[in-house]
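J.: Residue-level listing of the chains:
Number of protein chains: 2
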Amino acid sequence: MLIKDARFVLTPNGLLENKDILIKGNKIKSIGKTDKSGRVIDASNLAVMPGLINMHTHASMNLFRGISDDKKLQKWLQEDIWPLEEKLDGDKCYSGAMHAFLEMIRTGTTCFNDMYFYMDKVAEAAEEIGIRGNLGYGMIDLGDNSTDKQLKKTQRTIKRLKGDFSDRISPTVAPHSCETCSDELLRKAKSISDKNGIPLHMHLGETHKEVEKLLKEKGKRPVEHLKELGILDSGFIGAHGVHLTDEDIKILGKSNANIVHNPCSNMKLASGISPVPKMMKKKLNVCLGTDGAASNNNLDMFEEMKLTGLLHKLNSSDPTTMPVENILKLPGTNAGNALDQRIGKIEENNLADIVLVDLSDINMNPLHNLKSNLIYSGAKVVTSIIDGEIVMKEGKFTKIDEADVKRKFTEAAEEIVS
Amino acid sequence: MLIKDARFVLTPNGLLENKDILIKGNKIKSIGKTDKSGRVIDASNLAVMPGLINMHTHASMNLFRGISDDKKLQKWLQEDIWPLEEKLDGDKCYSGAMHAFLEMIRTGTTCFNDMYFYMDKVAEAAEEIGIRGNLGYGMIDLGDNSTDKQLKKTQRTIKRLKGDFSDRISPTVAPHSCETCSDELLRKAKSISDKNGIPLHMHLGETHKEVEKLLKEKGKRPVEHLKELGILDSGFIGAHGVHLTDEDIKILGKSNANIVHNPCSNMKLASGISPVPKMMKKKLNVCLGTDGAASNNNLDMFEEMKLTGLLHKLNSSDPTTMPVENILKLPGTNAGNALDQRIGKIEENNLADIVLVDLSDINMNPLHNLKSNLIYSGAKVVTSIIDGEIVMKEGKFTKIDEADVKRKFTEAAEEIVS
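Chains as they are written, first to last, in numbering that gives the first Met the number 0: chain A, 0 to 417; chain B, 0 to 417.
The reader is advised that the hints may include incorrect statements.
Identical copies carry no separate label here, and so any pair may be met within one copy or between two of them.
Stated by the list, open to error - Think about it this way: if two alpha-carbon atoms lie no more than 20 Å apart in a straight line, the pair counts; the simulated DMTMM-like pairs of lysine to aspartate or glutamate are:
#1 Lys152 - Asp90
#2 Lys151 - Glu346
#3 Lys23 - Glu388
#4 Lys282 - Asp163
#5 Lys379 - Glu401
#6 Lys379 - Asp357
#7 Lys407 - Asp357
Just so you know, these hints were derived from the structure itself, not from any lab.
Computed from a predicted model, the values in this text were never measured in an experiment.
Next up, chain A with everything else stripped away, as it sits in the complex:
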């Protein structure tokens, strides 16, 4: 496949103009003018950028979008979300996730990192639509002594995801949080992640309450606690990272741990502001995520990039904070690093996860500053390539029937509230 005459190409070495990108199999073979032919995409009025990587989400929660707004986090969870989650089953999670993938692909996401239930069904949906995914069964054992059961479920999920799916689907180990998991679960989760060489993905410091609980029960902040349990290393992916002290940041930095910023969810649930500029200054690997659609309420990573800029400029009282180049790293190279996968940047030999943005769209003009327009003005993704395959072409999904996905999704969402 050849992306021909691309007007702009976003690469780690800057913005290239008028280039061809040759894709062979699932990889980027070359960037530069070529005489090779093949299946050609005319990109003379398109910008070529790496597919965005959503590093913390709960795809199936699309079923709950809008179901509970304007509530405090604990009420939101206890009165609405948790009781509704009791009604979930594999088929519903499949339908919810498939709908989430429509939304992700349409808004430029080509890879996601998910923690939830029925992850084999979520993987089935991802496989069918062609999106790349990292999936972990969300383990909670505090309150019900289900430690062994939870770990077994994780091991079963890992086995299935490794055995029955393409290389696009990767397992993770996903204990929910320090607040909801026993020390034993956390330690054993880490050993499963080490044994399998896969990331450990959990919530970290999302709420003030989580920190208070740990301090009260263990006399330690969550980060200190995780350090002592031996859980922090370059395979650690901590979502939210709102309530972190300077000492926490130091520990996370020394451990080469990864943090995922979720500005929209943190604002909507009034959780607080993650110290992202400070963490980036300390060379922490910060990524970006949407969280689930129940607390956002969408999965648009372009919007999340814009919010990242707005929030940290405001919070620092300094409009020079978080320049566009820094923001673009979060869902790009930093996410690729956290997952240890060759994605997130357009570079020879990297996997061909690429999205094409319409430069003739109203909001992309004038074209004084492409990067700024992508982040702040509103970009329209027309075509998406994942693993060398076109999964959306000129707005149409190529591998699934959009109307059918929507119909099944609506049925599942209605059953949940009925």
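Please arrange chain B on chain A, whose structure you already have, making use of the hints.
T.: The following block gives chain B in isolation, referenced to the frame of chain A:
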């Protein structure tokens, strides 16, 4: 014209289901089932809502989108925006504004309140595309003693806008701010606005620096200063309202003045947070605006509504702050009140400024909560009716040639940076 079988209609009395909306001339004639026929729009899978009103913008600044980001406000103005504004002329402002109107209409805005230069040309563009507009020539006299010249320009603009255009085009008086206008200019501006019975639109308390300057030079805060000059009343529209004390809010409330919240611009330029929930509790009439595309960088009022919710939930550490009903008032009934026009709500005898939202779109599902989806998930406006006339039908502009607008706009934007 008949909007038939609307699945949902957003009215001040709540959400109606399965209704017909009959439009006669430029007005809403009836809401409810009817046997009348006419030009029919099938709305069985659409939501009908009042067109959004953008109460503070500078449309022609679309020419500058992305040209200067990640800079401090004074640098942004002095190094980039002001020198570029020197290059503007009537034709360029026309092209910039027309492009802004494409963007506004596509994202559900049917009426705007603008302050800038060459407002007769901006009015021409508005008239051609069919959008409703309130336009004031932005007066600045401090530093160049141009008081009389500025006032004359305003009077000429008012005369032209009243004489040569349809009722959709209304003039305003627009002194730039306390920081850039002499007392004499402000007093005389107020008298012009009184004489003509039109609103006075100005910036108010956007930056800390503005307040400091007034305190230093006059020993008064901007709001106190305006009160003493006799400028505050129900015809006053103050944009931004970031740096306001409790005493300021009290004065504004007693005067029945209107404030326009611009969350995106205030975040991006790190200006601060307007005390919107507090003002609304004190019954102030708060509206919503995007500011210009140079500091946003788009004109999407749906995005502005979402930011309003996110920002004030975060700022109050309380996710119950700014529930969806309150947010919807800002670009709706409150804006109609501020302009003293029968717009901003779907009600019999109101002007027919109505937008239709596609309920089959990915982001609008599931439909657990329409209002939440409209604000937080991302709404796709398919058809826009202004003054009883369809200006966009299924995404296509009916009165202008989109490609031609884009071509002229690109030329103008390129000339400015050349």
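J.: Determine for every hint whether it applies to the structure shown.
T.: Each hint tested on the structure:
Proximity of Lys152 and Asp90 under a CA criterion of 20 Å is satisfied intra-copy only: 18 Å inside one chain copy versus 67 Å between copies. Proximity of Lys151 to Glu346 under the C-alpha cut-off of 20 Å is found in neither arrangement, the shortest distances being 39 Å within a copy and 59 Å between copies. Proximity of Lys23 to Glu388 under the C-alpha cut-off of 20 Å is restricted to the intra-copy arrangement: shortest distance 10 Å within a copy versus 52 Å between copies. Proximity of Lys282 to Asp163 under the C-alpha cut-off of 20 Å is found in neither arrangement, the shortest distances being 37 Å within a copy and 61 Å between copies.
Taking the shortest Cα distances, Lys379 and Glu401 sit within 20 Å of each other both inside one copy (18 Å) and across copies (17 Å). Proximity of Lys379 to Asp357 under the C-alpha cut-off of 20 Å is found in both arrangements, the shortest distances being 6 Å within a copy and 17 Å between copies. Proximity of Lys407 to Asp357 under the C-alpha cut-off of 20 Å is restricted to the inter-copy arrangement: shortest distance 19 Å between copies versus 30 Å within a copy.
Comparing the model with each earlier hint shows violations of hints 2 and 4; every other hint is respected.
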